[in-house]
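Assemble the whole structure, with the sequences as input and the hints as a guide.
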Amino acid sequence: MLLIAAGIGIAPFLSQLASGSSARRDIVVLYLAPSAAELAGRDVLEASGARVIARLSDGSPPPSFMHDAGRSRIDGDSLRELIPDVAERDVYVSGSPANVDTLRSAARHAGAGRIHVDAFAGY
1 MLLIAAGIGI APFLSQLASG SSARRDIVVL YLAPSAAELA GRDVLEASGA RVIARLSDGS
61 PPPSFMHDAG RSRIDGDSLR ELIPDVAERD VYVSGSPANV DTLRSAARHA GAGRIHVDAF
121 AGY
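Per our numbering, the very first residue in the sequence shown carries number 1; after that it's consecutive.
No wet-lab data here; the hints were simulated from the structure. Values in this document were obtained by computation on a predicted structure and should not be read as measured data. Treat each hint with caution, since some may be false.
Stated by the list, open to error - Computed Cβ-Cβ distance ranges for the label pairs, DEER-style:
#1 Ala36 / Glu81: 14 to 24 Å
#2 Asp58 / Arg114: 28 to 38 Å
#3 Ser19 / Ser72: 27 to 37 Å
#4 Asp58 / Gly20: 31 to 41 Å
#5 Ser72 / Arg24: 28 to 38 Å
#6 Arg71 / Arg24: 28 to 38 Å
#7 Ser105 / Met1: 14 to 24 Å
#8 Ala37 / Glu88: 32 to 42 Å
Quick reminder that beta carbons are idealized off the backbone N, C-alpha and C, glycines included.
Take a look at the structure:
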């Protein structure tokens, strides 16, 4: 499973990860945020056992338990580089409608066939 969160889009994923229901699954979280200071749910993410990749717009380093995705735009090619088996994963995308559209397109271009989205309007 691949969980792609843009900003506040991390909220539903934190709930899922905190419940423990995903403890035995191979989960990757790609978390896009403006800066390390704005990363929500660090404790939950670290305790989840998921592989967490952060793309921070300001270039600040992510916490030590997270992998750094750099600052480049997330597209199909960069998604395949970060998660080589993306096409084999169920992909869940959450965030603002504009981010969800962009990230869904990136996942599709990376070869993912099972993509589920949750857009937060008004944010």
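Against the structure, the hints come out as follows:
{"no.": "1", "hint": "Ala36 / Glu81: 14 to 24 Å", "result": "holds (22 Å)"}
{"no.": "2", "hint": "Asp58 / Arg114: 28 to 38 Å", "result": "holds (32 Å)"}
{"no.": "3", "hint": "Ser19 / Ser72: 27 to 37 Å", "result": "holds (33 Å)"}
{"no.": "4", "hint": "Asp58 / Gly20: 31 to 41 Å", "result": "holds (32 Å)"}
{"no.": "5", "hint": "Ser72 / Arg24: 28 to 38 Å", "result": "holds (33 Å)"}
{"no.": "6", "hint": "Arg71 / Arg24: 28 to 38 Å", "result": "holds (33 Å)"}
{"no.": "7", "hint": "Ser105 / Met1: 14 to 24 Å", "result": "holds (19 Å)"}
{"no.": "8", "hint": "Ala37 / Glu88: 32 to 42 Å", "result": "holds (34 Å)"}
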